[in-house]
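Here the sequence shown is numbered in full-length UniProt numbering, starting from 1 and rising by one per residue.
Accuracy of the hints is not assured; some may be wrong.
As the list claims (entries may be wrong) - Taking CB as the label site, the calculated pair distances span:
1) S79 - E51: 33 to 39 Å
2) R86 - S59: 35 to 41 Å
3) Y63 - Y27: 18 to 24 Å
4) S85 - P35: 45 to 51 Å
5) Q61 - P35: 26 to 32 Å
6) F84 - Q61: 34 to 40 Å
7) E22 - R86: 34 to 40 Å
8) E32 - P68: 19 to 25 Å
9) C102 - K75: 19 to 25 Å
By construction, these hints were calculated from the structure, which means they are not laboratory data.
Glycine is no exception: its CB is placed at the ideal position from the N, C-alpha and C atoms.
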Amino acid sequence: MSEENPEERAEAAAPKAEACPEKTSDYYRVSEHLPVRFNNPGWFRGYRAKEAASVYRTSNQAYGSRAPTVHEMPKVFHSSSSKFSRQLSASGMFRDNTFNVCMEKSLVTGPDNYITPYDRLNFHPSYNVSRPSICD
Numbered sequence: 001m002s003e004e005n006p007e008e009r010a011e012a013a014a015p016k017a018e019a020c021p022e023k024t025s026d027y028y029r030v031s032e033h034l035p036v037r038f039n040n041p042g043w044f045r046g047y048r049a050k051e052a053a054s055v056y057r058t059s060n061q062a063y064g065s066r067a068p069t070v071h072e073m074p075k076v077f078h079s080s081s082s083k084f085s086r087q088l089s090a091s092g093m094f095r096d097n098t099f100n101v102c103m104e105k106s107l108v109t110g111p112d113n114y115i116t117p118y119d120r121l122n123f124h125p126s127y128n129v130s131r132p133s134i135c136d
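Could you put together the complete structure from these sequences and hints?
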């Protein structure tokens, strides 16, 4: 058996305490209702350290490759209500089962000209070959 000091063995087995990550509340006054994830920017993962080829690098990649700091985190969080989604999931989408019987007016040829399914290609006087290409 080797002659090891038991104190050295205990130090090697115990993990070293890491420095606690910075919090947004250490630097700024934050809202009481701020979610915990915004107070701890060190929790965000997935930021790439691998450098992309400089030919294909975009400004969006440069901005998104850095992890957020406490200075870039929001200080206030305003949640949105899910009232509309709850109502929509309970009742379903609105369905219009009515029969459309009005004729469509053309915005191109004017309000007095109606486009009918029987006269699709010849609905405007300028497209008529027997007349000059000016509107009546």
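Enumerated hints in conflict with the structure, sorted upward: 4 and 9
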